[in-house]
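Q: Could you put the whole structure together from the sequences, leaning on the hints where they help?
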Amino acid sequence: MSTDQFPGWHGTTIIGVKKGGEVVIAGDGQVSLGQTVIKGTARKVRRLSPGGFDVVAGFAGSTADAFTLLERLETKLEATPGQLARASVELAKDWRTDKYLQKLEAMLIVSDGKDIFVITGAGDVLEPEHDVTAIGSGGNYALAAARGMMDSDRNAEQIARDAMAIAADICVYTNGNLTVETIRK
Numbered sequence: 001m002s003t004d005q006f007p008g009w010h011g012t013t014i015i016g017v018k019k020g021g022e023v024v025i026a027g028d029g030q031v032s033l034g035q036t037v038i039k040g041t042a043r044k045v046r047r048l049s050p051g052g053f054d055v056v057a058g059f060a061g062s063t064a065d066a067f068t069l070l071e072r073l074e075t076k077l078e079a080t081p082g083q084l085a086r087a088s089v090e091l092a093k094d095w096r097t098d099k100y101l102q103k104l105e106a107m108l109i110v111s112d113g114k115d116i117f118v119i120t121g122a123g124d125v126l127e128p129e130h131d132v133t134a135i136g137s138g139g140n141y142a143l144a145a146a147r148g149m150m151d152s153d154r155n156a157e158q159i160a161r162d163a164m165a166i167a168a169d170i171c172v173y174t175n176g177n178l179t180v181e182t183i184r185k
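Using the UniProt record's numbering, the first residue of the sequence shown is number 1, and each one after it goes up by one.
Honestly, the hints are just simulated from the structure, not real lab data.
Warning: the hint list may mix true and false statements.
35 angstroms max Cα-Cα, derived DSBU-like pairs, lysine-lysine [as the list claims (entries may be wrong)]:
id, residue 1, residue 2
1, Lys-19, Lys-114
2, Lys-93, Lys-114
3, Lys-93, Lys-103
4, Lys-19, Lys-93
5, Lys-19, Lys-185
6, Lys-39, Lys-19
7, Lys-103, Lys-39
8, Lys-93, Lys-185
9, Lys-39, Lys-99
Quick list of simulated restraints, FRET-style, between CB atoms [to be verified]:
id, residue 1, residue 2, range
10, His-130, Ala-85, 33 to 41 angstroms
11, Gly-20, Thr-75, 26 to 34 angstroms
12, Asn-140, Tyr-100, 25 to 33 angstroms
13, Asn-155, Lys-93, 29 to 37 angstroms
14, Lys-93, Asp-153, 37 to 45 angstroms
15, Pro-81, Leu-33, 35 to 43 angstroms
16, Glu-105, Lys-39, 12 to 20 angstroms
17, Lys-114, Lys-93, 16 to 24 angstroms
18, Ser-152, Thr-63, 31 to 39 angstroms
19, Asn-155, Asp-115, 37 to 45 angstroms
20, Gly-21, Ser-49, 13 to 21 angstroms
21, Gly-21, Arg-96, 16 to 24 angstroms
22, Arg-96, Val-172, 17 to 25 angstroms
None of the values given here were measured: they were computed from a predicted structure.
Just so you know, even glycine gets a beta-carbon here, dropped at the ideal spot from N, CA and C.
A: Quick look at the structure:
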């Protein structure tokens, strides 16, 4: 079902912060329908381990669509072990060209601890310019807050948590119930 059919579906903020040899991906737990919070404890950040290769992924958008994309990403990672960039590009190519996948409404932030990417249905695999990226309804708030903290003495997790707290204070579709995953290389 598309958001055109249910235009009141909103929710989520996912942030990725790379600093000091680690990457932290954090996501809030809120899912809303119109003005109603449907769930406050959703888990939108996952650790994937295809073939023993650790990857952390966070998603914004339709949950079913995101899980479909995460499964596809795991398959791509199994085919290209240790090559997150290549697996991400292959997923984006499939997403852009496959008629079934084109209808999926989600975005992903993925990291192997060395690289961090945003993967979109438009065929984009974007590497953040300033080692921080965010997606979802509160993504711009979290991104701005985190960018402002990158030169501080805070580590990646502190920046992600503080930026998410700021986003939760501003965006009504974001809450403070966080899932945080850290990955180091």
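Q: Take the hints in turn and mark each one as holding or not.
A: Here is what the structure says about each hint:
1. As the CA atoms of Lys-19 and Lys-114 are separated by approximately 10 angstroms, the hinted pair is consistent with the 35 angstroms bound.
2. Distance restraint check for Lys-93 and Lys-114: the Cα-Cα separation of roughly 22 angstroms lies within the 35 angstroms cut-off, and the hinted pair is therefore satisfied.
3. Of the supplied pair hints, the one linking Lys-93 and Lys-103 holds, its CA atoms being roughly 14 angstroms apart against a limit of 35 angstroms.
4. A distance of roughly 29 angstroms separates the Cα atoms of Lys-19 and Lys-93; the hinted pair therefore holds under the 35 angstroms criterion.
5. For the hint pairing Lys-19 with Lys-185, the CA-to-CA distance comes to about 11 angstroms; that is within 35 angstroms, so the pair holds.
6. A C-alpha spacing of about 31 angstroms is found between Lys-39 and Lys-19, which places the hinted pair at or below 35 angstroms, so the restraint holds.
7. A hinted pair counts as satisfied when its Cα atoms are at most 35 angstroms apart, and Lys-103 with Lys-39 qualifies at roughly 24 angstroms.
8. Proximity of Lys-93 to Lys-185 is assessed by CA-CA distance (about 27 angstroms); at most 35 angstroms being required, the pair is judged to hold.
9. Restraint check: the Cα-Cα separation between Lys-39 and Lys-99 comes to about 31 angstroms, which is no more than 35 angstroms; the hinted pair holds.
10. At roughly 19 angstroms, the beta carbons of His-130 and Ala-85 sit outside the given window of 33 to 41 angstroms.
11. The hint said 26 to 34 angstroms for the Cβ distance between Gly-20 and Thr-75, and at roughly 32 angstroms that hint holds.
12. A hinted range of 25 to 33 angstroms holds for the C-beta pair Asn-140 and Tyr-100, which are about 30 angstroms apart.
13. Range check, Asn-155 to Lys-93: Cβ separation about 35 angstroms, and the 29 to 37 angstroms hint holds.
14. Hint check: Lys-93 to Asp-153, Cβ distance near 40 angstroms, so the stated range 37 to 45 angstroms holds.
15. Evaluation of the 35 to 43 angstroms hint for Pro-81 and Leu-33 yields a pass: the beta carbon distance comes to about 40 angstroms.
16. Remark: the range hint 12 to 20 angstroms for Glu-105 to Lys-39 is upheld by a beta-carbon distance near 18 angstroms.
17. A hinted range of 16 to 24 angstroms for the beta carbons of Lys-114 and Lys-93 is consistent with their spacing of about 22 angstroms.
18. Distance hint for Ser-152 and Thr-63: a CB-CB separation of about 34 angstroms, consistent with the stated range 31 to 39 angstroms.
19. One distance hint, 37 to 45 angstroms for the beta-carbon pair Asn-155 and Asp-115, is violated here, with the actual separation near 19 angstroms.
20. Restraint check, Gly-21 to Ser-49: a C-beta distance of roughly 20 angstroms satisfies the suggested window 13 to 21 angstroms.
21. Take Gly-21 and Arg-96: their Cβ atoms lie about 33 angstroms apart, and the range 16 to 24 angstroms is violated.
22. Between Arg-96 and Val-172 the beta carbons are some 32 angstroms apart, a value that contradicts the proposed interval 17 to 25 angstroms.
Hints 10, 19, 21, 22 from the list above are not met by this structure, while the remaining hints are.
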